[in-house]
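Undergrad: Starting from the known structure of chain D, fit chain E onto it as the hints suggest.
These protein sequence lines map, in sequence, to chains D and E. In terms of my numbering, the first sequence opens at residue 4 and continues consecutively. In terms of my numbering, the second sequence opens at residue 4 and continues consecutively.
Certain hints may be false.
When chains are identical, the list treats them as one kind, so a pair holds in a single copy or across two.
With a cut-off of at most 30 angstroms between alpha-carbon atoms, the simulated DSS-like pairs for lysine-lysine come out as follows [claimed, not checked]:
{"id": "1", "residue 1": "Lys-141", "residue 2": "Lys-325"}
{"id": "2", "residue 1": "Lys-346", "residue 2": "Lys-121"}
{"id": "3", "residue 1": "Lys-334", "residue 2": "Lys-346"}
{"id": "4", "residue 1": "Lys-141", "residue 2": "Lys-324"}
{"id": "5", "residue 1": "Lys-331", "residue 2": "Lys-74"}
{"id": "6", "residue 1": "Lys-141", "residue 2": "Lys-346"}
{"id": "7", "residue 1": "Lys-75", "residue 2": "Lys-191"}
{"id": "8", "residue 1": "Lys-141", "residue 2": "Lys-331"}
{"id": "9", "residue 1": "Lys-9", "residue 2": "Lys-191"}
{"id": "10", "residue 1": "Lys-191", "residue 2": "Lys-8"}
{"id": "11", "residue 1": "Lys-340", "residue 2": "Lys-191"}
{"id": "12", "residue 1": "Lys-191", "residue 2": "Lys-121"}
Please keep in mind that the hints were generated in silico from the structure rather than gathered at the bench.
There are 2 protein chains.
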Amino acid sequence: MINRKKTRQVNVGGVKIGGGADVTIQSMTKVETADVGRVVSQINALEKCGCDIVRVAVKNLMDAEAVRAIKKRINIPLICDIHFDYRLALKSIAGGADKIRLNPGNMRDSDEIAAVIKAAKKARIPVRIGVNSGSVIKVRGKGNSSVLVDAALGYIKLFEDFDFRDIIISLKASDVVSTVESYRRMAKLCDYPLHLGVTAAGSYDKGIVKSSIGIGALLLDGIGDTIRVSLTGDPVEEVIAGKRILSSLGLRNFGPDVISCPTCGRCQVNLAAIVNELERKLTAYSLPLTAKRPLTIAVMGCEVNGPGEAREADIGIAAGKKSGVLFKNGKIVKRVKESDFVKEILKFIKLKADS
Amino acid sequence: MINRKKTRQVNVGGVKIGGGADVTIQSMTKVETADVGRVVSQINALEKCGCDIVRVAVKNLMDAEAVRAIKKRINIPLICDIHFDYRLALKSIAGGADKIRLNPGNMRDSDEIAAVIKAAKKARIPVRIGVNSGSVIKVRGKGNSSVLVDAALGYIKLFEDFDFRDIIISLKASDVVSTVESYRRMAKLCDYPLHLGVTAAGSYDKGIVKSSIGIGALLLDGIGDTIRVSLTGDPVEEVIAGKRILSSLGLRNFGPDVISCPTCGRCQVNLAAIVNELERKLTAYSLPLTAKRPLTIAVMGCEVNGPGEAREADIGIAAGKKSGVLFKNGKIVKRVKESDFVKEILKFIKLKADS
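So here's chain D without its partners, still in its complex pose (with noise of 0.2 angstroms):
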């Protein structure tokens, strides 16, 4: 339903970023680079939940050295974020990253960049421009787009001079219109895949609205090509909310989508509990996730929008006094009980899973 925008392909370890790929989903990881074991044992935990590509922050010499043995236990392409000094960035190829970002912010000298460009043309690898306003707005105040946008724009130069065009951008500010007028003024203006992202979004809670607002509104208009949620705490829960925000848009799919009413007044069954349950075992099975559209599970709590929403999803119930009416593929089948409802739902998820 949403038509994307087109962008080149970029690929980054054998996954694409761009062209008409699949919005991935990344992540960072948050303890030491060169504490080689646990850097892998956060790498592989992030792939397990969904993590398409995984970042590591590269600040000096032994984190830049830890780069090989890193890739050589991980199964997903690897990121390296390097900043201040761009010798950083040679060894981290040399050492195989599948991608490097560079910070406009904080690596000013052209020769230096061009000593990145080079090496990583030599590897074939891209590299993201990454601009964060906290390290390109050196006026306060002048927190605007047009400093983020003009901050990639320069950067941007210097690369298509050496004919380099595996490029990625980011844009990120702290202020949710900020991010979101930035990466609509850079779509306009090139059509290097962009990497969305609100940065320093806080904690969980208010982090996850941040980044649904910041990354969903740009999605919503076909724009972006990866993502990655930042919050301040796992970054499982990155890359969870990650997949919550393109099921959302049904960008991608990643198992049943649970559509449920807030209950009022009229509702006579214990929807939340019924809801809270179905979740927690919906997780055991393991569905195709090849469809483009998620199977979806209607469970609502009355006759108003009830029947509807029922009947719209691959299985539904609408709740009355203490039972309801089960629908699959958009007819009724029986009255089943309360306590029945969750196993009626199972039943034929399994069923959908085995088939």
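TA: Frame of chain D, contents of chain E only:
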């Protein structure tokens, strides 16, 4: 920063919706409306956490008869949610309802609708024309925005025939893309204030994402005058989520905004623990919320984006190794130990709260 679309203004029991008024937050009770004691205690809890307007389901005569008693014991405007039976609307209006919500999907008789319009006009209260995908989409798969918009337009005509224009419109679909599309379409067709929401968004973690994207993307466009986050769970969470959406976009001020980075391999303080402690303790301070812009606090993990975000904030810390540089109003003040981060920030906030 958001340029809000100009809409007509309606008055809901003293609270203004539309015409440049602040975007208001609504929720709905989830207990039997006839059980006055429980409804009142839920409404008072909602008011305490920032709910501007509350809605109750009026499903039968007993519920309608409870309206008068509820009104006497609450301080925020009361909306009565009516489906199927127009007589429940008449009885609710007689009981002192501040606004009526009708559903075009289940009340079609023009004489009955006319009776409600006349009663609302006499009582000088507005009516929300509340369209939901589950109520109006009768053919499976026809879940597109034009069905929702057409249902609303047909109803609006009936109201305008009686020169009744105290109307609020909602067009809630259970999928985010259709919801956003419907509201964008409607915003071009009329200047009635719009009540935003994604219907049946599901349980907390998924529902927050769907609601933030749907409501947030529209607010970013300048569309929307009042919002309701629908979550299968405690309605207080709906209000808190609503506050987070509005403050993320700078549309309302509900207290300090904490900007904190996700941390990475560069971070050498326990930032997640610091931010958690800070967020918990911040709730203890009642800050004046009259300002449009909330106070901003940046708690950043390293020297990459740290100094920039800390300088932009009202108070900020850019951490280094076990300590950090403290910024106040854009200027470096001193270096502080990791263990003093929260204390230093709270001292500043307390000063602002007391001034």
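Undergrad: Taking the hints in turn, state whether each one holds.
TA: Status of each hint after checking the structure:
Taking the shortest Cα distances, Lys-141 and Lys-325 sit within 30 angstroms of each other only across copies (26 angstroms), while inside one copy they are farther apart (62 angstroms). When the C-alpha separation of Lys-346 and Lys-121 is checked against a cutoff of 30 angstroms, the pair qualifies neither within a copy, at 59 angstroms, nor between copies, at 48 angstroms. In the homo-oligomer, the alpha carbons of Lys-334 and Lys-346 lie at most 30 angstroms apart inside one protomer (19 angstroms), although the nearest pairing across protomers, at 61 angstroms, exceeds that limit. Taking identical chains as interchangeable, the C-alpha atoms of Lys-141 and Lys-324 lie at most 30 angstroms apart only when they sit on different chains, with a minimum of 24 angstroms there against 62 angstroms within one chain.
In this homomeric assembly, Lys-331 and Lys-74 never come within 30 angstroms of each other (Cα to Cα): the closest approach is 47 angstroms inside a single copy and 42 angstroms across copies. Taking the closest pair of Cα atoms, Lys-141 and Lys-346 come within 30 angstroms of each other only across two copies (27 angstroms); inside a single copy the shortest separation is 59 angstroms, beyond that limit. In this homomeric assembly, Lys-75 and Lys-191 never come within 30 angstroms of each other (Cα to Cα): the closest approach is 39 angstroms inside a single copy and 56 angstroms across copies. In this assembly of identical chains, Lys-141 and Lys-331 lie within 30 angstroms of each other by CA distance solely across copies; the values are 16 angstroms between and 58 angstroms within a copy.
For a Cα distance limit of 30 angstroms, the shortest separation of Lys-9 from Lys-191 qualifies both inside one copy, at 11 angstroms, and across copies, at 27 angstroms. In the homo-oligomer, the alpha carbons of Lys-191 and Lys-8 lie at most 30 angstroms apart both inside one protomer (10 angstroms) and across protomers (24 angstroms), since each shortest distance falls under that limit. Within a single copy, Lys-340 and Lys-191 get their C-alpha atoms no closer than 55 angstroms, and across copies no closer than 45 angstroms, so neither meets the 30 angstroms cut-off. Taking identical chains as interchangeable, the C-alpha atoms of Lys-191 and Lys-121 lie at most 30 angstroms apart only when both belong to the same chain, with a minimum of 28 angstroms there against 51 angstroms between chains.
Checked against the numbered hints above, the structure violates hints 2, 5, 7, 11; every other hint is satisfied.
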